[in-house]
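For the sequence shown, the numbering used here assigns the number 6 to the initial residue and increments by one for each residue that follows.
Bear in mind the hints are in silico, worked out from the structure with no lab data behind them. Ideal placement from N, C-alpha and C gives every residue a C-beta, glycine not left out. Mixed in with the good hints there might be a few duds.
[To be verified] Pairs of lysine-lysine residues, derived as DSS-like cross-links and limited to a Cα-Cα distance of at most 30 Å, are as follows:
no.	residue 1	residue 2
1	Lys105	Lys7
2	Lys195	Lys7
3	Lys81	Lys55
4	Lys55	Lys167
5	Lys55	Lys166
6	Lys166	Lys105
7	Lys166	Lys108
8	Lys187	Lys63
9	Lys105	Lys187
10	Lys8	Lys105
11	Lys167	Lys151
12	Lys167	Lys63
13	Lys8	Lys108
14	Lys151	Lys63
15	Lys63	Lys7
16	Lys151	Lys195
17	Lys63	Lys166
18	Lys187	Lys55
19	Lys166	Lys151
[Unchecked claim] What follows is a list of derived Cβ distance ranges for each label pair:
no.	residue 1	residue 2	range
20	Lys122	Leu53	28 to 38 Å
21	Asn174	Lys195	30 to 40 Å
22	Lys122	Gly40	18 to 28 Å
23	Asn192	Ser49	35 to 45 Å
24	Phe60	Lys195	31 to 41 Å
25	Gly50	Lys81	21 to 31 Å
26	Ile114	Thr161	16 to 26 Å
27	Gln29	Val127	17 to 27 Å
28	Met6	Glu126	35 to 45 Å
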Amino acid sequence: MKKLFLIVGAPGSGKTTDASIIAQDDNNITHYSTGDLLRAEVSSGSELGKLIDSFISKGNLVPLDVVVNTIVSALKNAPTNIVLIDGYPRSVEQMLEFDKVLKEQTEVILQGVIEVKVSEEVARERVLGRARGADDNEEVFNNRMKVYLEPLDEITDFYTKKNIHHIINGERSIEVIVADIKNLIQNLLK
């Protein structure tokens, strides 16, 4: 059985970096970024990739069925039993659909949802400071932040009621954040 941890956080919270370091340090953990899974599809040049790109390039959400199918397929094919996925869910609809899909199968169990929490100011500074692509500008950042914040309370309430929502302070050094997340994962696997 695959044990899944979702890592959520604002754009610039460091969630992808944190998750990738944890997976690099532990051969028993696989890390997938929802963004990377979708970008890989875009890079392939497929029709699905072109469709995904038409949403991502504007900072909008990719349709529900496309994202859920991409994630579930990646989970079931993961080379390890512990999987981290960052950047998911991004909407209440994604969360509910994913919850439904997880209930319908026995191969994957959601162990925890880890929120890497940073202020909007810190997120803005990090994203606009790194400016690595065409989608890292003020207007797109504001849209991404709005898309992230709108469903956040409902998402955290949902997972809090299931006793699987955990908050990590993302405004510290990467080493401290990564160590905290690693400890949390180990404790949740006991």
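For each hint, the structure was consulted:
1. Lys105 / Lys7: holds, 17 Å
2. Lys195 / Lys7: Holds, at about 15 Å.
3. Lys81 / Lys55: Holds, because 25 Å separates the two Cα atoms, which is no more than 30 Å.
4. Lys55 / Lys167: violated, 36 Å
5. Lys55 / Lys166: violated, 38 Å
6. Lys166 / Lys105: holds, 16 Å
7. Lys166 / Lys108: Measuring from Cα to Cα gives roughly 16 Å; hence the hint holds.
8. Lys187 / Lys63: violated, 34 Å
9. Lys105 / Lys187: holds, 27 Å
10. Lys8 / Lys105: holds, 17 Å
11. Lys167 / Lys151: holds, 25 Å
12. Lys167 / Lys63: violated, 33 Å
13. Lys8 / Lys108: Holds, because 14 Å separates the two Cα atoms, which is no more than 30 Å.
14. Lys151 / Lys63: holds, 13 Å
15. Lys63 / Lys7: Violated, at about 33 Å.
16. Lys151 / Lys195: violated, 36 Å
17. Lys63 / Lys166: Measuring from Cα to Cα gives roughly 33 Å; hence the hint is violated.
18. Lys187 / Lys55: violated, 36 Å
19. Lys166 / Lys151: Judged against 30 Å, a Cα distance of about 24 Å means the pair holds.
20. Lys122 / Leu53: 28 to 38 Å: holds, 33 Å
21. Asn174 / Lys195: 30 to 40 Å: For asparagine 174 and lysine 195 the Cβ distance comes to about 23 Å; the hint is violated.
22. Lys122 / Gly40: 18 to 28 Å: Holds, since lysine 122 and glycine 40 (Cβ atoms, about 19 Å apart) stay within the stated range.
23. Asn192 / Ser49: 35 to 45 Å: Holds, since asparagine 192 and serine 49 (Cβ atoms, about 38 Å apart) stay within the stated range.
24. Phe60 / Lys195: 31 to 41 Å: Given range 31 to 41 Å: holds, Cβ gap about 39 Å.
25. Gly50 / Lys81: 21 to 31 Å: Given a distance of about 25 Å, which is inside 21 to 31 Å, the answer is holds.
26. Ile114 / Thr161: 16 to 26 Å: At 20 Å between Cβs, range holds.
27. Gln29 / Val127: 17 to 27 Å: The hinted range 17 to 27 Å holds for glutamine 29 and valine 127, with Cβ atoms some 24 Å apart.
28. Met6 / Glu126: 35 to 45 Å: Roughly 41 Å apart at Cβ, these two residues keep to the hinted range, so it holds.
Of the numbered hints listed earlier, those contradicted by the structure are 4, 5, 8, 12, 15, 16, 17, 18, 21.
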